[in-house]
Amino acid sequence: METALQIASAIKAGEASAVEVTQKHLALAKENEDLGVFLNLMEEDALATAKRIDETPDSDKQNLGPLAGVPVALKDNLCTEAVETTCASKILSGWRPPYDASVVKKLKQSDAVIIGKTNLDEFAMGSSTENSAFFPTRNPRNPEYVPGGSSGGSAAAVAAGFSPIALGSDTGGSIRQPAALCGVVGMKPTYGRVSRYGLIAFASSLDQIGPFTTDVSDAALMLQVIGGHDENDSTSIPDATPDYLESLKDQDISNLKVGVVRELSQGVSPDVSARLKEAADVLAAAGCGVEEVSVPATKYGLSAYYLIAPAEASSNLSRYDGVRYGLRETADNAEEMNIATRTKGFGDEVKRRIMLGTFALSSGYYDDYYVKAQRVRTLTINDFATAYEKFDVLLSPTSPFTAFKFGEKTADPLAMYLCDACTIPSSLAGHPAISVPFGVGDNDMPVGIQVLAPALGEMNIFRISSVLEREAPI
Amino acid sequence: MTAEITPDIAAKVANLSRLKLTDEELAKFTDQLSAILEHAADIEALDLEGVLPTSHPYPLKNVFRQDVVSQGATSDGNDTEKNSGEKIAAFKSSVLGVAPESEDGQFKVPPILS
Amino acid sequence: MPEKDLPHNHSKHESSKDDDFEVVIGLEVHAELATKTKLFSDSANHFGDEPNTNIDPVCLGLPGSLPVLNKRAVELSIRVGIALGSTISPCTFARKNYFYPDMPKNFQTSQYDQPLNVGGSLTLASGKKIGITRAHLEEDTGKITHIGGGGRIHDAKYCLIDYNRAGVPLLEIVSEPEISSGEEAREYVKELRAILVAVEASDGKMEEGSLRVDTNISVRKKGEVELGVRTEIKNVNSLRSLLRAVEFETKRHISAIQAGEELRQETRHFNEDTGETHPLRSKEDDMDYRYFPEPDLVPLDPDEKWVEEIREQMPALPTEKRVRLKEASGADDSVIALLVSRGVDDLVDATIQAGADAAQTIKLAEQNLSDGAGKLEADAFLKVVNMLQAGELSATQVKAVLTEVIENGVDPKQVAESMGFEAMDEGELEGLVEQVISQNPDEWERYKGGDQKLVGFFVGQMMKLTQGKADGKVVTAMLSKKAAN
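Residue numbers (our numbering), protein chains in the order written: chain D, 1 to 474; chain E, 475 to 588; chain Z, 589 to 1073.
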């Protein structure tokens, strides 16, 4: 399987045709339609872009962008101008945005070939992609298993080789957890590192766009392409994006101190625990100082997250009311129309979270639930800060368990929420984290190791995870 | 902190959220939300005295845009390149084009009262 | 107040009892800020355009769009804060959640527990100070047109929505409940409007909805400390309506208290046609706005240096202009107050600053601008004053010329010409005076004998003869000169 760096370099050198590369990937995607990866395969658009790239005179090809001719899949909560964007929800079915998300603009400027919009849990709410209003996505490693979620389609696209790169969004683990379950690299950058403009909001203070790739170098490349300041997003970090690829050239990590987070390693299934131990050993062997560390507030991450994220979601999703776009159910008056539209248009999990969030914000409960959760968020940030005084990066499993089967957790929302226990704390803190594949579990499904760092600590994450990737058990 | 959602509270919350639930759904959601809040009760034991709430994970302040028109008519009626009549018309037709219902260049909805 | 506006049959003998009550009023004034673009996005903030032309993804609340704060809107708000003596404070934005089709996101981005401007006061022309609680920034909603059923919300068949106004920046200025009559409320709004216009924060046009007033009103027995039950009146679209609404609502409250009826804390709608207020339908659950910090906007913390820069660039405030006017003209406070109440103080000030004789300008304004200045501007006013000073116009002619300029904004010299007003030659005038004296010998004798009342008679005769062209002052001077001889 070719990486993005390999494809781009071949195309820039005039050694490969973007049309051929695109056709090959599209053909594979079409052959494997039953995996339910794409909500919309953009064949025509993709081939037109590829053709334009091929028409570049050979002498100019070196000037093509860093993703020249690289097929990219986009989670269907990223706005694409004039191309249907649904969030895998009936309420947005048929909606064609009049604008591109900032990351989509950047991909186009980088000469990437966007090949389609991938499936997700409706409005990115879920951990298995079973909450898509249209169809579930299957894990390419074994179609009896879920791919994780919410960015299950994007994770599966990369795992199945439909595209070397896909973009997803991560609110509480929605990139990292499916990356772990599908056996690919998935990264959530520092909150504010990548512009959210054009990402359909789930929970605004947590949402962050990030890449799925087959290796760590491609992840570094992608963050370089999509990262950076955007004046259309008030929460966008003004600092320039460093050269992450360059930092990977220095393979000596012996100066880095690694802490294995005790709280995030407890309650984890034994096969995953074993892999975590091996990963720690790999890093120790590479010369890192590795120790266990306690980050006490991470225990409360799940509780805080499931108050904060639904609260923000309840407000963000109010705009789907049948007035301006998307689904409308007919009714005698505006209010009844709103109710009928929302009742029909949203699935159960979305309704559940809207209600949970509305409750957490409502009069009489706001201080006890929402504000308290925001205080726990502060505690989480403080506890991480203490840990990072001593350690450069932290280590944990990405998911407490490997991929599970369809329907296994759908009846009990809380059981599903527990999938995110390890990924949520860094989301609350706004910190970057990556999931790198590291062997398999008892069910022969992939295990992901999570590497965490403080805000803007992506460099060290890439350095550590490239060693893990190199030394991973086969 | 009382981690208990009664069907009454669930109904009120559904109403505020503009959702209609069948009795069956109401019962199911009441149970599920209660279970989630019960789990969240672990933060009850935490001493959060003096801990300020965080609403933004990355501390930024004073982020502005300049007061420059790029879409819609300018008050002096002059079209600029970024702000041409054509661009306005194209945007208007693209959003009204996907509206569930429109009339005379406006979004059409059922009456407020009926 | 016409009888039909009274809420109940108020018999006259009850009016003495009315004096036992006092009304307590607090006002929330929403001013649309005079920015070029919206509060959080870059489509135009402009009134009266074709529907849905000043729109963009953000103000339409399209999925994926994000707000970015307009710096100019903050600067204009800080100007108002400085003018009102408020503390410019570190602040945040919050979401106010409720559903309504004119609100694209079904939440309004506003400020809640941490507003930009805190405290301050506004001094009325009477000298009374009204406390300002706060002023905060928020976004406006779109505009709903009710179609069918005569355009009324109750009988409409459907609605059309224009989002041109959605996202227009509003500054909501909240007063303390320290206003004690409808007249005072009117004065407050008038003065506040003058400040908003003077600092160029808003055009202050109530008729275009640039300035909207919500009135909180309660009534209590004089001497009581606790406030009575409060109602909020919306849809007050002019200063006259404000006065009528307060008067109606005050009487309604008093009648209810006297009759022992319970008043409800509620929001009421003012009906311009009937002059009455009616409760707005509201469901209790809809009142839970679920405010929480807006995650898409970062905190706003204006530093001192920036506030100082804004202060230095601020145009003169109405009070400053009044002090200047007083100094330039030497007129006393009551005259200045009169000019202020007519809203012509700015014009008079500008005319004097342009070089007009101060005393003459003020006198003309007092005598001729009782209904405001209309289309009269400083340069035209200066011309009129100068023409009068040069004797090119008589006092009567000045009145005619000003009336015309106020109405149509035309050039005063052209008006004078077209009306045939030319200064009369003194020789010609003297001949006519002699003609009048010889035609009225008895009156002339009595005048010479000291009956000063007859001046008016002679001046009147002269006016008749010259069709108003004669300058009364010149005629009077001639008469007294001749009588002395």
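No lab work stands behind these hints, which were simulated from the structure alone.
You may find that some hints are simply not true.
Only part of the chain E face toward chain Z is listed, based on derived beta-carbon distances under 7 Å [to be verified]: (1) Lys502; (2) Leu520; (3) Ser544; (4) Lys561; (5) Ile562; (6) Pro574; (7) Val583; (8) Pro584; (9) Pro585; (10) Ile586.
Covered stretches of chain Z, going by a simulated chain E footprint (3 or more residues, C-beta under 8 Å) [what the hints assert, rightly or not]: (11) 639–652; (12) 659–667; (13) 739–749; (14) 881–892; (15) 1017–1026; (16) 1034–1040.
For each residue, glycine too, the CB sits at the ideal point set by N, CA and C.
Hints, verified against the model:
With a cut of 7 Å, the hint placing Lys502 of chain E at the interface with chain Z is violated, because the nearest CB-to-CB distance is about 22 Å. Proximity of Leu520 of chain E to chain Z is violated relative to the hint, the smallest CB-CB distance being about 21 Å (cut-off 7 Å). Here the hint on Ser544 of chain E is kept, as its CB sits about 4 Å from the closest CB of chain Z, short of 7 Å. Among the interface hints, the one on Lys561 of chain E is violated; its C-beta lies about 11 Å from the nearest C-beta in chain Z, farther than the 7 Å criterion.
Restraint check, Ile562 of chain E versus chain Z: the minimum CB separation of about 5 Å is within 7 Å; hint holds. Against a cut-off of 7 Å between C-beta atoms, the interface hint on Pro574 of chain E is violated, since the closest Cβ of chain Z lies about 12 Å away. About 5 Å separates the beta-carbon of Val583 of chain E from the nearest beta-carbon of chain Z, less than 7 Å, and the hint is met. Because the closest C-beta pair between Pro584 of chain E and chain Z is about 6 Å apart, less than 7 Å, the hint holds.
At about 4 Å, the closest approach between the beta carbon of Pro585 of chain E and any beta carbon in chain Z falls short of 7 Å, and the interface hint on this residue holds. A hinted interface residue such as Ile586 of chain E counts as satisfied when its beta carbon comes closer than 7 Å to some beta carbon of chain Z; here the least separation is about 6 Å, so the hint holds. By the rule of at least three residues with a Cβ nearer than 8 Å to a Cβ of chain E, the coverage given for the segment 639–652 of chain Z holds, with 8 such residues. Counting residues of the segment 659–667 of chain Z whose CB lies closer than 8 Å to any CB of chain E gives 4, which reaches the minimum of 3, so the coverage claim holds.
For the segment 739–749 of chain Z, the stated coverage by chain E is satisfied: 8 residues place a CB nearer than 8 Å to a CB of that chain, which reaches the threshold of 3. For the segment 881–892 of chain Z, the stated coverage by chain E is satisfied: 8 residues place a CB nearer than 8 Å to a CB of that chain, which reaches the threshold of 3. Here the segment 1017–1026 of chain Z counts 0 residues with a CB under 8 Å from a CB of chain E, which misses the bar of 3, and the coverage is violated. Using a Cβ-Cβ cut-off of 8 Å, 0 residues of the segment 1034–1040 of chain Z lie near chain E, which falls short of the minimum of three, so the contact claim is violated.
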